[in-house]
Structure formats: C-alpha cells, structure tokens
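A.B. asks: Model the full structure from these sequences, guided by the hints.
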Amino acid sequence: MEYFGEQVVNGLIVGGVYALIALGYTLIYGVLQFLNLAHGELYMMGAFFGFFAMIALGGPSAAVVPVWIMIPVMFLVAMGGGAALGVAVERFAYRPLRKSRRLAALISALGVSLFLQSAALLLFGARVRLYDTGQFIDLTSGFSIGSIRIDVTEIMVVVGSLLLMTILWFLVNRTQQGRAMRAVAVDQDAAVMNGIDIDRVIVITFALASGLAGAAGVMSGLLLFPVDQYMGIFAGLKGFTAAVVGGIGSIPGAMIGGFIIGVVEALATGYLNPTYADFIAFLILVLVLLIKPTGIMGKKVMAKV
Amino acid sequence: MNRRLMMGVSAIAVAGITLAGCAGGSSDEAASEATAEQTAAEETAAEETAPEEEAAVEEAIVCSASFGVMAPLTGGAASIGQEQLNFAKLAVADFNASTEGADYSLVESDTQLDAGQASTQATALIADSGIVGVVGPAGSQEVSAVGPTFAEASMAFVSPSATNPDLTNGDNPTFYRVVPTDAVQGPTDAAFMAEDLGADSVVVIQEKTDYGVGIGDSVAAGLEDAGVAVEVIAVPEEKKSYDDVISKVGDDVDVVFVTFQIAAKSEQVAQSLVKAGKSAVVFGSDGSFSGDFKTPGSYVSAFAPDINQVPAAADVAARFTEEYGEFGTFGPPVYVATQTLLQAAQRACEGGDLSRAGVLAEMPNTMIADSILGGDIEFDGAGDVDGARFYIFQLDDSGAPSLVK
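Which chain is which? The protein sequence lines are A and B, in order. Once you know that position 184 of the first sequence is 324 in the working numbering, the rest is easy, because the numbers rise by one and skip nothing. Once you know that position 26 of the second sequence is 64 in the working numbering, the rest is easy, because the numbers rise by one and skip nothing.
Among the clues, some could well be false.
[Claimed, not checked] Coverage of chain A stretches by chain B, computed from C-beta distances (three or more under 8 Å per stretch; other residues unrestricted):
1. 148 to 156
2. 411 to 418
3. 421 to 431
Keep in mind that the hints were calculated from the coordinates and are not lab data. Glycine included, every Cβ here is placed at the ideal spot set by N, Cα and C.
C.D. replies: See below:
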C-alpha cells in the first residue's frame with residue numbers, strides 16, 4: 141500500500157507539470173477553438189529562460205542571492221519570457237491566418253514548433269542542461285508519510301500549479317477581462333458588436349497560456365527533468381492529452397486531466413513496465429474519447445449549422 | 039494597417055534575401071577574382087623559379103579529398119552529434135595544418151541516430167564522388183544499416199562509438215571502429231561491481247536504445263554469472279522523470295547501473311536516489327562519462343582514461359575547449375577515427391591512388407602512435423582496435439572522475 145501511495149505521489153507531482161501545460165492548451169482552445177501545437181515549445185523555452193536566469197544569478201552552486209529570491213526570479217523570467225514569446229508567435233504566425241481555414245493555422249503552428257526547436261538549438265547549443273536543484277535545495281528536506289517522502293521541490297510544484305490554476309480560474313470567471321475572453325469564446329462577432337477589442341483579448345489569452353507554459357518549464361527543471369530543445373515535444377503531447385481527457389476548454393478539467401495522466405503513468409511504471417507508461421496514458425485518452433467525447437469536465441455545446 | 043505592416047515586413051524580407059544573394063554572389067565573384075589573381079601570380083612566380091626549385095615544386099604532392107561525417111546533428115542526441123562533428127573538424131584542420139600538400143575537407147551528414155535516415159544519407163554520400171571515406175555513423179543500428187551500401191561502394195567507414203560486438207563479424211567488410219566493444223565493457227563493469235564493490239543486488243536501468251540494450255544485457259549477464267541478484271528495468275528514451283522508477287529500487291540494492299547516452303539523465307537518477315533517501319550508488323556506462331554526471335561517489339566507465347589526463351591529448355583538449363566548449367566521452371574518439379581515415383588517404387595519395395578503393399586498401403596499415411585516447415591505435419583483421427580496454431572512474435567530491443581501475 142505504501143508503494144502504491146509512493147507512486148500516486150510521484151504521479152501527482154509530474155501531473156502538476158502536465159496540468160499547467162494543459163491549462164495553456166485549454167485556454168487558447170477555449171477562446172479561439174485553435175490548437176496551438178507550438179505550446180510544448182513555449183514550455184521548453186520557459187525551461188531555458190529559467191535556467192539562464194539561475195545562471196545569471198550565479199548558478200546553482202554559487203548563487204549571489206538567497207534561494208527564496210532566486211526561485212521566484214526564475215519563475216518571473218520564465219513566465220515573462222514565455223508570455224512575450226507567445227504574444228510574438230500569435231502576432232506573426234497566427235494573426236495573419238485568423239481569417240484563413242483552420243488547417244492553415246495548424247500548419248503555421250507546426251512551423252512555429254520546428255522554428256522554436258531550431259532556434260533553441262542555435263541559441264543555447266545542443267547540450268542537455270540540468271537545473272542541479274540539489275545544489276540549492278536540500279532534496280532530503282520536506283516531510284514523510286510512512287515511507288512516502290515528499291521534498292520541498294515537489295511540494296512547491298503541486299502547490300504552485302494549484303495556485304496558478306486558481307488565479308487563472310479567478311481571472312477568467314471573476315474579472316472584466318475574463319468576461320471578455322468568455323464572450324470572444326462564445327461568439328467573436330457578437331463580442332465585437334459589444335465593443336470588445338478581440339485582438340487585445342487574444343493577446344492576453346496567449347500571454348496567459350504561454351506564461352503558464354513558462355512556469356511549467358521551470359517546475360520541470362526543478363524536478364530534475366533534463367532541459368533540451370526537444371523536451372517540449374512529448375510534454376506538449378502529454379499536456380494536450382491531459383486537456384482532452386479533462387475536457388478541452390475547461391480549466392478545472394485541464395488540471396484534473398493532468399493529474400490523471402501523471403498518476404496513470406506512474407502506476408503503469410510501478411506495476412507494469414515503464415515502457416508501457418506512455419501507451420497506457422494514450423489509451424486513457426482513447427477510452428475517454430469513446431466513453432465521454434467531451435472529456436471529464438467538458439460540456440456539450442450546441443453549434444449553429 | 040495590418041496589410042501595410044505585412045507588406046513592409048515582406049519587402050524587408052525580399053530585400054534581405056536579395057542582399058544575401060548579392061552578397062553571396064559578390065563573395066563568390068571576389069573569391070573567383072582572387073583565385074584568378076593568385077593563379078596568375080603563381081604562374082609568373084613559377085616562370086621565374088630556378089630549375090632546381092622548379093623540380094622541388096613538382097615533387098610536392100597536393101592531396102585533396104573529402105570525408106563524410108555521419109552523426110546525429112539534430113534530434114534527441116544532437117548534443118553528442120555536434121560534439122562529434124566539432125572533433126572531426128578539429129582533426130581535419132590539424133592534419134591539413136601539419137601535413138604538406140594536404141587539403142582535406144568534411145561533408146556533414148545528419149543521421150539523427152536513426153537507421154533509416156543513416157541509410158538515406160549513406161546513399162547521398164556515395165553519390166558524391168569527392169568523398170573517399172566516412173567518419174561514423176555513431177550508433178550500432180546505423181552501422182548495420184549502412185554497412186552493405188558502403189561495402190558495395192568500397193567506402194571505408196570508421197565509427198567512433200558503435201560498440202555492438204556483432205558489427206565486426208564479417209558482414210561489414212569496410213567497417214572499422216576506434217572504441218572497444220560491449221563485449222569488453224559489459225564484463226569489465228560487471229566484474230568491478232561484483233568483485234571490487236562487493237555488490238549483492240544490482241538494478242540495471244536499461245534505456246531502450248540499441249546502445250542501452252546491448253550494454254545493459256551484457257552487464258546483466260556478467261552479474262548473473264558472478265552470482266549477483268539483478269533486476270533489469272527497461273525505460274523508453276523519451277522518459278523525463280525517474281522518480282517512479284527509483285521507487286522500484288529496493289533499500290537492499292547496492293548499485294543502480296544506468297545505460298543512458300546522455301550523462302544528464304544519469305545525474306537525474308543519482309539525484310532522485312538522494313531525494314528518495316536510498317543508499318544505492320549509481321554506476322554509469324561510458325555514455326555517462328561527462329561533466330554533467332557529477333554526484334560524488336558514483337562510478338562511470340570509459341573507453342579511454344579521461345583525455346584531460348592523457349598527456350598526448352592535452353593540446354587537443356585545450357584547443358577544443360577553447361573553440362567549442364566542454365566535451366564528453368563521445369567526441370575524442372571522433373578525432374582519432376578521422377585521423378585514421380586521413381592517414382590512410384594520405385598514404386593512398388602518395389601512392390598515386392587517392393580513391394575510395396585506395397583508402398580502403400590502406401586502412402589495415404593504420405598506426406596512430408600515442409593517440410589522444412591514450413595508447414597506439416592499430417586495427418586487427420576484423421576492424422576492431424587491437425588491445426582495447428575499458429577504464430573505471432569514481433566521481434570525487436567535486437564531481438571530477440578519478441581513475442580507480
């Protein structure tokens with residue numbers, strides 16, 4: 141039973157990262173009905189931004205500031221950098237195609253994804269980076285429940301992702317800007333007639349989604365995921381799977397989907413074989429689509445035909 | 039407004055492309071002019087040269103040819119491929135600078151560590167008649183894929199990292215390698231864990247690549263023969279988090295042997311063990327031999343003593359670091375592999391047959407004395423290095439490797 145608990149905790153921690161990536165997918169899809177296939181690469185760039193922020197502050201073993209300053213700075217740089225990059229991508233790669241068929245935007249998104257991978261290779265080199273978290277955080281610290289150990293980094297990831305989800309939910313559901321986003325999601329033409337600046341809403345949506353991807357990048361780095369230019373491919377796929385499982389367009393759904401995928405993966409690794417973990421995660425996606433095509437928290441929407 | 043902006047951006051892009059084209063053209067024209075001027079000057083100088091000097095000029099042989107470099111320049115193993123390419127560049131530059139009349143160059147070929155891609159690239163290299171030999175490919179699966187194609191074209195190819203023992207069983211007659219095989223590494227590592235570390239229980243985390251499976255199986259077999267309890271956990275190459283795998287490692291496990299080709303993953307496993315409060319020590323195969331794997335007390339094997347500790351390699355290591363940055367274990371053998379082809383090509387050229395067949399015929403005569411890998415490099419009849427062995431290091435408190443066996 142303790143082993144089961146250990147694997148569930150492992151899954152929830154990785155699931156927290158998937159959930160943040162899924163939130164970005166779901167936010168953009170919810171507002172624009174557009175699948176941003178380059179979202180995984182924004183997560184990758186966020187991980188690099190956080191890494192270089194850490195290096196700029198002296199590196200993992202010789203930081204010139206206390207760790208409680210360094211980590212928030214890493215998050216701020218990654219989220220800010222990710223948001224700026226997301227806005228630039230929207231401006232130059234998606235906006236010109238907004239009136240085109242959806243396929244054109246999807247192909248553009250694929251192009252952006254490859255462009256960002258190559259740009260990272262050119263700018264940062266091919267070497268795989270590690271955050272080396274153990275140099276600035278005592279990995280043996282934290283607390284234990286029986287034989288289940290949870291360290292500070294892991295607590296930070298789970299609490300951080302829940303906090304960001306709550307803030308996002310509040311922004312979307314309780315603010316003027318959130319109301320505008322929901323209006324654009326329902327009917328863009330009607331939103332324009334009500335005086336909503338659609339371009340502004342879309343820019344804010346991309347900034348939020350990409351900022352979350354940046355935060356997920358730093359979290360994965362702190363959890364010791366290797367940082368390289370291809371790290372976004374699989375993570376993006378997992379985030380997308382989580383978004384669909386939870387119900388794409390639903391904020392709590394993305395969160396639940398992320399945790400489900402993380403836990404399923406960990407249990408498959410623990411009780412079957414790590415080689416089957418991805419297969420089983422994607423099998424869950426197929427099953428959910430067959431049983432409840434709208435996802436766990438998704439709602440059926442009437443479409444005018 | 040948007041249309042105007044788009045038109046502006048398009049105009050800038052078109053102008054940029056046009057300028058780049060013009061610049062390229064200008065540079066080509068300038069180069070042609072410079073070459074023509076140089077040729078004219080050389081002709082004038084030759085006319086004015088005294089008869090005895092003329093004879094000396096005639097004796098100087100110019101040897102010019104190209105070599106393909108097959109490496110994973112992009113894809114998941116790009117960090118390895120880029121390092122390999124840079125070591126090949128350095129070897130060619132050094133050889134051209136130190137050998138009179140030598141004018142060798144490289145043609146880059148990206149295999150992405152994929153057998154299918156390697157096969158396609160091999161065909162492209164063969165189609166280039168200027169190429170007389172190939173450095174690479176890196177992976178054993180790629181060597182198997184390109185071996186018959188290169189054999190048909192009489193193209194010698196030297197891998198700096200393919201360690202599958204079966205590759206030199208006669209199926210690939212034009213194949214050579216400068217590293218020892220898994221048949222050497224597996225038993226060496228297993229014997230060290232069983233005898234020197236006194237391990238009773240070992241977990242092998244085996245990455246599902248040709249390299250990882252080959253060395254993992256070899257180590258597991260060696261440990262079982264020595265009476266050590268072994269559990270093999272296969273993990274996909276794409277796996278990012280190892281905490282769930284580490285949960286499977288029991289408290290009684292003495293050593294976790296990892297077969298990654300990227301050292302950062304070995305470090306990730308070592309730190310995950312620390313997080314989980316487990317006392318097992320990590321032992322990495324040669325793919326982990328890099329500064330990225332640095333948890334104190336860990337072990338790692340390598341096909342050469344750290345070249346930073348090889349006196350013959352000091353100059354090369356320093357120049358490489360200065361020009362390209364830090365390097366791991368996969369780069370230095372490329373320097374030696376390239377040297378073997380350069381030597382063979384130079385001998386073939388001096389013998390009047392700088393062709394693929396000429397280079398291939400010279401390969402068995404290769405002898406690199408005091409190589410940067412520490413020791414002489416000579417090939418046996420099968421294409422393997424004579425007397426190759428593996429070395430084992432322990433990482434000290436600063437993470438630096440210290441030779442223990």
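A.B. asks: All hints, please: hold or fail.
C.D. replies: Results of checking the hints against the structure:
1. Coverage of the stretch 148 to 156 of chain A by chain B holds [criterion: at least 3 residues with CB-CB distance below 8 Å; count 4].
2. Given as covered by chain B, the stretch 411 to 418 of chain A passes the check, having 5 residues with a CB less than 8 Å from a CB of that chain where 3 are the minimum.
3. A count of 0 residues in the stretch 421 to 431 of chain A with a Cβ less than 8 Å from any Cβ of chain B is obtained; the coverage claim is therefore unmet, three being the minimum.
Violated hints amount to a single one, hint 3; each of the other numbered hints is respected by the structure.
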